[in-house]
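Novice: Chain V is already provided as a structure; the job is to place chain Y on it using the hints.
Residue numbers (this note's numbering), protein chains in the order written: chain V, 36 to 148; chain Y, -3 to 108.
Careful, some of the hints might be misleading.
[Stated by the list, open to error] Using C-beta positions, here's what the derived DEER-type ranges look like:
no.	chain 1	residue 1	chain 2	residue 2	range
1	Y	Pro36	V	Thr55	40 to 46 Å
2	V	Phe133	Y	Pro3	30 to 36 Å
3	V	Asn53	Y	Thr48	41 to 47 Å
4	Y	Asp95	V	Thr73	14 to 20 Å
5	V	Leu96	Y	Ser(-1)	16 to 22 Å
6	V	Ile61	Y	Ser(-1)	25 to 31 Å
[Claimed, not checked] Listing some non-contacts, in silico: residues in chain V with all C-beta distances to chain Y over 10 Å:
no.	residue
7	Thr37
8	Val39
9	Arg50
10	His64
11	Gln76
12	Asn86
13	Arg99
14	Ser101
15	Phe109
16	Gln119
17	Ser122
18	Leu126
19	Gln137
[To be verified] Partial list, computed: chain Y residues near chain V (C-beta under 7 Å):
no.	residue
20	Tyr35
21	Pro36
22	Gly39
23	Leu44
24	Lys45
25	Phe63
26	Asp95
27	Met96
28	Phe98
Calculated from the structure, these hints are not laboratory results.
Note that the structure is a prediction, hence the values are computed from the model and not measured.
C-beta: ideal position from N, C-alpha, C; glycine also.
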Amino acid sequence: DTGVSQDPRHKITKRGQNVTFRCDPISEHNRLYWYRQTLGQGPEFLTYFQNEAQLEKSRLLSDRFSAERPKGSFSTLEIQRTEQGDSAMYLCATTRLFDDEQFFGPGTRLTVL
Amino acid sequence: AQSVAQPEDQVNVAEGNPLTVKCTYSVSGNPYLFWYVQYPNRGLQFLLKYITGDNLVKGSYGFEAEFNKSQTSFHLKKPSALVSDSALYFCAVRDGDNDMRFGAGTRLTVKP
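Isolated chain V (complex conformation) (with noise of 0.2 Å):
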């Protein structure tokens, strides 16, 4: 357990619905990031932020995508109109400011049907 936690750990939706993952990071940590982990394929930056403020956001998939981290603690992920292209784990890891080792979450994996 690297003390980043999310939530759920499994997501099964139908096809068009929204859907909202949640991460929670270690508490001195002030920078999260998102990834898409699909199978046989290593992790797929999508965003991230540092505090509150996302920093790098041209990589989210589409702009069906999106994320937030309102109070610089946890952040969510949400993914509206899901389509099947979807289904894959979706990771985060927490860093403090300037390390370099990333601390991943065990991720959410998300089944569109």
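Specialist: Positioned in the frame of chain V, the structure of chain Y alone reads:
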């Protein structure tokens, strides 16, 4: 843009033998290189990193990695493999911004 390649999907070794998991990288500037391990049903765990300095980097669980600038490689090594080392290993690169690029992973199986 930076990238990494892990040329082997699968590596099999016998317990007690040395292991090598290969990684090559491509960056425009100075590379920040990482190895992570993923055990079944668990999150990725940091093993080691190269930022600057000695080309041989030592990390967790007895692993080490050798940075070779001329060959643009960062291979993961361990002198004596354990069955418990069996897992999925990912190489990653970051070239100064906060965008980490991961390889596709190499599944290591250590047989008793």
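Novice: For every hint, state whether the structure bears it out.
Specialist: Each hint tested on the structure:
Take proline 36/Y and threonine 55/V: their Cβ atoms lie about 27 Å apart, and the range 40 to 46 Å is violated. For phenylalanine 133/V and proline 3/Y, the hinted distance range of 30 to 36 Å is satisfied, since their beta carbons lie about 33 Å from each other. A hinted range of 41 to 47 Å holds for the C-beta pair asparagine 53/V and threonine 48/Y, which are about 44 Å apart. Checked against the given bound of 14 to 20 Å, the beta carbons of aspartate 95/Y and threonine 73/V, roughly 18 Å apart, stay inside it.
As the Cβ distance of leucine 96/V to serine -1/Y is approximately 18 Å, the hint placing it in 16 to 22 Å holds. Taken as a hint, the range 25 to 31 Å holds for the pair isoleucine 61/V and serine -1/Y, whose Cβ atoms sit roughly 29 Å apart. Listed as a non-interface residue, threonine 37/V fails to keep its Cβ farther than 10 Å from every Cβ of chain Y; the least gap is roughly 6 Å. Its closest Cβ contact with chain Y, about 7 Å, brings valine 39/V to no more than 10 Å, contrary to its assignment away from the interface.
Even its closest Cβ contact with chain Y, about 27 Å, leaves arginine 50/V beyond 10 Å, as expected for a residue assigned away from the interface. With 10 Å as the threshold on Cβ separation, the claim that histidine 64/V sits away from chain Y holds: the shortest Cβ distance comes to roughly 13 Å. For glutamine 76/V, the non-interface assignment is contradicted: its Cβ lies about 5 Å from the closest Cβ of chain Y, within the 10 Å cut-off. Even its closest Cβ contact with chain Y, about 14 Å, leaves asparagine 86/V beyond 10 Å, as expected for a residue assigned away from the interface.
The beta carbon of arginine 99/V sits about 21 Å from the closest Cβ of chain Y, which is more than 10 Å, so the claim that it is off the interface holds. At roughly 19 Å, the least C-beta separation between serine 101/V and chain Y is larger than 10 Å, which holds for a residue marked as non-interface. The Cβ of phenylalanine 109/V sits about 17 Å from the closest Cβ of chain Y, beyond the 10 Å cut-off, so the non-interface label holds. No beta-carbon of chain Y is positioned within 10 Å of the beta-carbon of glutamine 119/V; the least distance is around 22 Å.
Consistency note on serine 122/V: stated as away from chain Y, and its beta-carbon is indeed over 10 Å from all of that chain's, at 18 Å minimum. Remark: the non-interface label on leucine 126/V conflicts with the geometry, its nearest Cβ contact in chain Y lying 7 Å away (cut-off 10 Å). Against the 10 Å criterion, glutamine 137/V falls within the reach of chain Y, whose nearest CB is about 7 Å from its own CB. With a cut of 7 Å, the hint placing tyrosine 35/Y at the interface with chain V is violated, because the nearest CB-to-CB distance is about 11 Å.
At a threshold of 7 Å, the smallest CB-CB gap from proline 36/Y to chain V is about 11 Å, leaving the interface hint violated. At about 4 Å, the closest approach between the beta carbon of glycine 39/Y and any beta carbon in chain V falls short of 7 Å, and the interface hint on this residue holds. Look at leucine 44/Y: its Cβ only gets to about 9 Å from chain V, farther than 7 Å, so that hint breaks. Given hint, lysine 45/Y at the interface with chain V, holds; its Cβ is 5 Å from that chain's nearest Cβ, closer than 7 Å.
Given hint, phenylalanine 63/Y at the interface with chain V, is violated; its Cβ is 15 Å from that chain's nearest Cβ, farther than 7 Å. The interface hint given for aspartate 95/Y holds, since its Cβ lies 5 Å from the closest Cβ of chain V, which is under the 7 Å cut-off. Interface hint at methionine 96/Y: satisfied, since its Cβ lies 6 Å from the closest Cβ of chain V, which is below the 7 Å cut-off. With a least beta-carbon distance of about 3 Å to chain V, the hint placing phenylalanine 98/Y at the interface is held under the 7 Å criterion.
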